Amino acid sequence: MARAIVNVPPKARRGEIIEIKALIQHEMETGFRVDNMGRVFPRDIITDFICKYNDEEIFRAELFPAIAANPFFSFFTTAIESGTVTFEWSGDNGFSATASRNIAVE
Amino acid sequence: MRYNPIAGSTRRRFLTDAAAGTGLVAADLGLGLPLIVRPAAATPDTMRAAIRNVIGEAPVRKGKVKLDIPPLVESGNTVSLSVSVESPMTADDHVKAIHVFNEKNPLPNVVGIRLGPRAGRATLATRIRLADSQTVTAIAELSDGSFWSDSVSVIVTLPACVETL
Chain R
1 MARAIVNVPP KARRGEIIEI KALIQHEMET GFRVDNMGRV FPRDIITDFI CKYNDEEIFR
61 AELFPAIAAN PFFSFFTTAI ESGTVTFEWS GDNGFSATAS RNIAVE
Chain E
1001 MRYNPIAGST RRRFLTDAAA GTGLVAADLG LGLPLIVRPA AATPDTMRAA IRNVIGEAPV
1061 RKGKVKLDIP PLVESGNTVS LSVSVESPMT ADDHVKAIHV FNEKNPLPNV VGIRLGPRAG
1121 RATLATRIRL ADSQTVTAIA ELSDGSFWSD SVSVIVTLPA CVETL
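Read top to bottom, the protein sequences are chains R and E. When the first sequence is numbered by this note's numbering, its final residue is 106 and no position is left out of the sequence of numbers. When the second sequence is numbered by this note's numbering, its final residue is 1165 and no position is left out of the sequence of numbers.
Any given hint could be a false lead.
[Claimed, not checked] List time: in silico DSS-like cross-link candidates among lysine-lysine, alpha-carbon distance up to 27 Å: (1) R/Lys21 to E/Lys1096; (2) R/Lys52 to E/Lys1096; (3) R/Lys21 to R/Lys52; (4) R/Lys11 to R/Lys21; (5) E/Lys1066 to R/Lys21; (6) R/Lys52 to E/Lys1066; (7) E/Lys1096 to E/Lys1062; (8) E/Lys1064 to R/Lys21.
For the record, the hints were derived by calculation from the structure and aren't laboratory data. This structure is a prediction, so every number in the text was calculated from the model and none was measured.
The shape of chain R in the complex, shown without the other chains:
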């Protein structure tokens, strides 16, 4: 399983806008590179990234080969209630990874 590093503030005030960061280990092979024999390295990328906050989708990204290796995203959400923020990555060759963090909202 690919290593994922996600960052969600463990505590937040209700209504506070918090930053979420997610990084995952993946080489994101573009499918456009060739070796010196002219053979193409087949494409192997993460195509989708979804972040949910208490099962409601708050952020979704469609990735293309132009995303650098080890895809990183930083985005914002409003802290509404205590619960879990989950992250899902999926991609070529059946790639799938998940991560989750708890957040306490006061």
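With chain R held as given, fit chain E onto it using these hints.
Relative to chain R, chain E alone:
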């Protein structure tokens, strides 16, 4: 003549062999070179086509969007990019999507994200690849159906995406 233990051959002998084999070498090159197919790069036209593909025929206006990307990058393999859109992010006035496009990578699309009023702030940061010096465009789709954009031209000294190993 000095014997070269590593090559197992002398320089003169190598040159003679090479000369004899020139025909073969040339044939190899003749066959080999066209096999290295460089993927067709996106062009400003394909970028426009890709934009139309994603957002339809809606007009795109300049403004509201701020695309932050270094104007000169040393390596195209990892270029930090951030897009922020001026928006109150309320239920009736928020950013629905942000799309990023480029002119000269093999594919014109870079990333497309969807968000909603809960985001609180319409800001995205990620890292991208750039295959050449080019213009990068970010387009934001607002909840009222309007599209806003910003473009930045970037100089890349070491390109990414298509390099041979």
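Evaluation of the provided hints:
1. R/Lys21 to E/Lys1096: It holds: about 20 Å lies between the C-alpha atoms, which stays within 27 Å.
2. R/Lys52 to E/Lys1096: holds (16 Å)
3. R/Lys21 to R/Lys52: holds (13 Å)
4. R/Lys11 to R/Lys21: holds (15 Å)
5. E/Lys1066 to R/Lys21: holds (20 Å)
6. R/Lys52 to E/Lys1066: With a Cα-Cα distance of about 26 Å, the restraint between R/Lys52 and E/Lys1066 holds, given a limit of 27 Å.
7. E/Lys1096 to E/Lys1062: The hint holds at about 17 Å.
8. E/Lys1064 to R/Lys21: holds (24 Å)
In this structure, every one of the numbered hints holds.
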